[in-house]
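Peer 1: Single-letter residue listing:
Number of protein chains: 6
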Amino acid sequence: MRGLLVGRFQPFHLGHRAVVEEILRSKPEETLLLGVGSAQDSHTVDNPFTAGERHEMIVRALADLPNRQWEVIPLEDIHRHALWVAHLESLLPPFETVYTNNPLTRLLFENSGYSVIAPRLVDRGRFEGRKVREAMATGADWESLVPPPVATFLRGIEGPSRIRLLAAAGSPGGQ
Amino acid sequence: MRGLLVGRFQPFHLGHRAVVEEILRSKPEETLLLGVGSAQDSHTVDNPFTAGERHEMIVRALADLPNRQWEVIPLEDIHRHALWVAHLESLLPPFETVYTNNPLTRLLFENSGYSVIAPRLVDRGRFEGRKVREAMATGADWESLVPPPVATFLRGIEGPSRIRLLAAAGSPGGQ
Amino acid sequence: MRGLLVGRFQPFHLGHRAVVEEILRSKPEETLLLGVGSAQDSHTVDNPFTAGERHEMIVRALADLPNRQWEVIPLEDIHRHALWVAHLESLLPPFETVYTNNPLTRLLFENSGYSVIAPRLVDRGRFEGRKVREAMATGADWESLVPPPVATFLRGIEGPSRIRLLAAAGSPGGQ
Amino acid sequence: MRGLLVGRFQPFHLGHRAVVEEILRSKPEETLLLGVGSAQDSHTVDNPFTAGERHEMIVRALADLPNRQWEVIPLEDIHRHALWVAHLESLLPPFETVYTNNPLTRLLFENSGYSVIAPRLVDRGRFEGRKVREAMATGADWESLVPPPVATFLRGIEGPSRIRLLAAAGSPGGQ
Amino acid sequence: MRGLLVGRFQPFHLGHRAVVEEILRSKPEETLLLGVGSAQDSHTVDNPFTAGERHEMIVRALADLPNRQWEVIPLEDIHRHALWVAHLESLLPPFETVYTNNPLTRLLFENSGYSVIAPRLVDRGRFEGRKVREAMATGADWESLVPPPVATFLRGIEGPSRIRLLAAAGSPGGQ
Amino acid sequence: MRGLLVGRFQPFHLGHRAVVEEILRSKPEETLLLGVGSAQDSHTVDNPFTAGERHEMIVRALADLPNRQWEVIPLEDIHRHALWVAHLESLLPPFETVYTNNPLTRLLFENSGYSVIAPRLVDRGRFEGRKVREAMATGADWESLVPPPVATFLRGIEGPSRIRLLAAAGSPGGQ
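Chains as they are written, first to last, in our numbering: chain A, 1 to 175; chain B, 1001 to 1175; chain C, 2001 to 2175; chain D, 3001 to 3175; chain E, 4001 to 4175; chain F, 5001 to 5175.
Among the clues, some could well be false.
Unchecked claim - Restraint-style ranges between C-beta atoms, simulated for each label pair:
no., chain 1, residue 1, chain 2, residue 2, range
1, A, G170, D, G3139, 54 to 64 Å
2, B, D1141, E, P4148, 40 to 50 Å
3, E, E4134, F, E5029, 32 to 42 Å
4, E, G4170, A, T44, 20 to 30 Å
5, F, S5115, E, R4155, 24 to 34 Å
6, D, V3045, C, E2096, 25 to 35 Å
7, F, N5111, B, E1029, 56 to 66 Å
8, F, R5155, E, G4113, 23 to 33 Å
As the list claims (entries may be wrong) - Under 7 Å between C-beta atoms, here's a sample of chain C residues computed to sit facing chain B:
no., residue
9, T2050
10, H2055
11, S2090
12, L2091
13, P2093
FYI, nobody ran anything at the bench for these hints, they're computed from the structure.
Small disclaimer: the values here were computed from a predicted structure and weren't measured.
C-beta: ideal position from N, C-alpha, C; glycine also.
Isolated chain A (complex conformation) (with noise of 0.2 Å):
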């Protein structure tokens, strides 16, 4: 059994690990997918890291679970929201849950059948990603909005300044 909950995770923080504790914990048979979305964008506003660099903080961040219950798999955009229920199917190992608070994304794995849960954010005025960045940028505090192994990977990549140059720069040869 699988479940799969997919995110763009720019950066993976602290309302987004609560999220997935509370899956596993609820789901010690299943299995869960954690589907990095919008794979192929870095370097912008909305999406600073890439899918490996993304990828690198969810390993870290669940690190300390007990169980390897999960796995992460970079996920393409189709740019074609008909067809994006059959893009993942093909993507991803057989799933039967789809765990998301975002309606577009139920409707469209509802529409083809799939049971779907909405995942009881934790503190949602605090935990979301673009605060997280918006944080990041002004040089308010963000590393309490990520799990620790999370802030040191994003110190070491040095994301702040990444993010404070993005707000900047629009698409790289612009003059």
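Given chain A's structure and the hints, the job is docking chains B, C, D, E and F onto it.
Peer 2: Chains B, C, D, E and F in isolation, oriented as in the chain A frame:
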């Protein structure tokens, strides 16, 4: 002899119907190609319906016209405006006249030697795709803006609820 | 009720016409969608004619049928077979039956729950796209293999000379 | 520390399993990334199975190994060899060693400064994807060429019949 | 020895010319590659002119320079920033120095080991592509912002009227 | 006035040089655009060298010509022959004459109203890209088939060993 009218038809409304009727009346010897633009898009705020759903709307909306003097053709975007006319010429059977009020469509086709006619728009203040979508999203009266068979079809596929959902959803997969 | 017949129609020959006639006769209440596959391709050895030229061939070849019980729809390839049915479902109005003798088409549609019917092929030894193209390339009799209006059309666009040229040309730009 | 082994795994056979075992044994401190190449392809003669099906095969084939020292990651093609290493670097978490017997893979990674190791191939005459697929197509013994759980899985999804069908089918849609 | 300056040059203005002149003066032994970014785009508000039109502008704008110490090269976007440097390395002859004031361009090239120099911008308040396009759209004085041969060229292709039209048009095909 | 010569130049050989020389001699008032076709491809059997490497070969091969009457421009494929001329028109500055011996290139440009000239080929039996690549692969004499500066360049980048390797390699990632 064929004419071409390209639109996104999100959804097909009474303004579209009036334009089609006027063209068919004024050119009884022409077949009108109804090109469904951005055919690859669906389930977004600006393009909520698939090309197939839009095709179905058009067939129902025009079913009472006396002659089958029109054809519906999905047109995927090419995202390179300088190639757009060549793209359409390769996908469509030969046509001589283009009907449009879009100044870029006019420019591109005139540069390629086509005859371009601006159809008279009926009550543009009311009959505009964006306004119909907004009425569907907000629960205002939208049914009087589309041909009755289109209203029936859109209720059947729960169009208003899809549009409301899309306004809240962004892309699938985002958490 | 609609049925779907997908082919590349390079060119539309008497075998295609026979299949269409039989489907229309056996299902007088159905509209037949004629999907023009590989619509984006043209000017190659296997796909010499544009989707628009193939559309024109079909319209001329079927003009003498009593009812306009069919529609022509260009279908660009998606190059991912696992998404092909979802791709067609998004582009086409609803259809219930698929007509095909291609075993992969059958497999993919049956996996998605469609009813698939294998139309009886007429004299497959003669009426096959590849053989018609070869006859055009070698100067053998090809005109008796296509409906007379298609022969007229193909002569008008110098189809045989295009096919001979393509056999020698490879891609444009190669020296 | 991570190593990377990229293959198409169509299907995952005993030669793959032997290579994985040897790498894991020789590098007990490494995590091995199993990159599933041409992840977007399926239902073709050379790539009959989806990335998800191949993922499932690998998980089953390696389930009896003592440690979960490996990860499976789908890799869509980029079709530009000069960008292939950068493409993989963006999708994968950091890795230091590449295992390959493909000379182009070696060249591209060495040009980018990676350490490349050629794993010893076991009985290449028998254990080769193309030969396994041919055995499945012709009804020869293929089950002894793959790990028993892969044989069970492939029978369950009617793999041999899919492969026979693909040999006859070409692309979907062709008539 | 070669240097690289990437810009969209929509249009090529006096600020571009000043930067080119300073680079050529300071590096008389270098050939300067002028990469025309977003080469695939045209007929949009931000990218009104084709790569070919921008090429022509540059050739005319620099025709009076004493040596032909520069080359113009169209660069199609790759839309994956992590691959952008590899993309340019594959398309361009070898270069050692990159001239840019864009912080993302600097970051990406420095990460790949290039020497990056920030050219001194001349009167950035006036000489900026967006401002030139706005002046063309509003009928303000734009001719003093571009080299005289560029002004002549833009008048010849009716550039200002194209820009005004694009502001009103959106994409072709929308009704 | 400009002319256009498109080739893949894999590699640039003495036959190419002879054609360029003859064009420049016969049209002293023209600038010759040397379009490097299939610019996105490299590291394949048919396209071993990147567009940048081919650019470098051309610059070196023509460095001794008296006037800089030519430009090198990479041209990525569009894979839709019906759009190929429009694609080139958007990427290239205006040109009036096309030089080609490829019958499809001739057909497509003549259909768009261009003047097409077939350059005289010199000793086609020897000077042909495929034959030069084969000589490089087999260790036969290839150096006498290319301009001496190209031979020097190809030795410097270990071209012959790359070509031998590609013949054995297929795509990267295959095991």
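Peer 1: Give a verdict on every hint.
Peer 2: Now for the hints, and whether the structure bears them out:
| no. | hint | result |
| --- | --- | --- |
| 1 | G170/A x G3139/D: 54 to 64 Å | 59 Å, holds |
| 2 | D1141/B x P4148/E: 40 to 50 Å | 58 Å, violated |
| 3 | E4134/E x E5029/F: 32 to 42 Å | 39 Å, holds |
| 4 | G4170/E x T44/A: 20 to 30 Å | 23 Å, holds |
| 5 | S5115/F x R4155/E: 24 to 34 Å | 27 Å, holds |
| 6 | V3045/D x E2096/C: 25 to 35 Å | 30 Å, holds |
| 7 | N5111/F x E1029/B: 56 to 66 Å | 28 Å, violated |
| 8 | R5155/F x G4113/E: 23 to 33 Å | 25 Å, holds |
| 9 | T2050 | 5 Å, holds |
| 10 | H2055 | 4 Å, holds |
| 11 | S2090 | 4 Å, holds |
| 12 | L2091 | 5 Å, holds |
| 13 | P2093 | 4 Å, holds |
Going through the hint list in order, the structure does not satisfy hints 2, 7.
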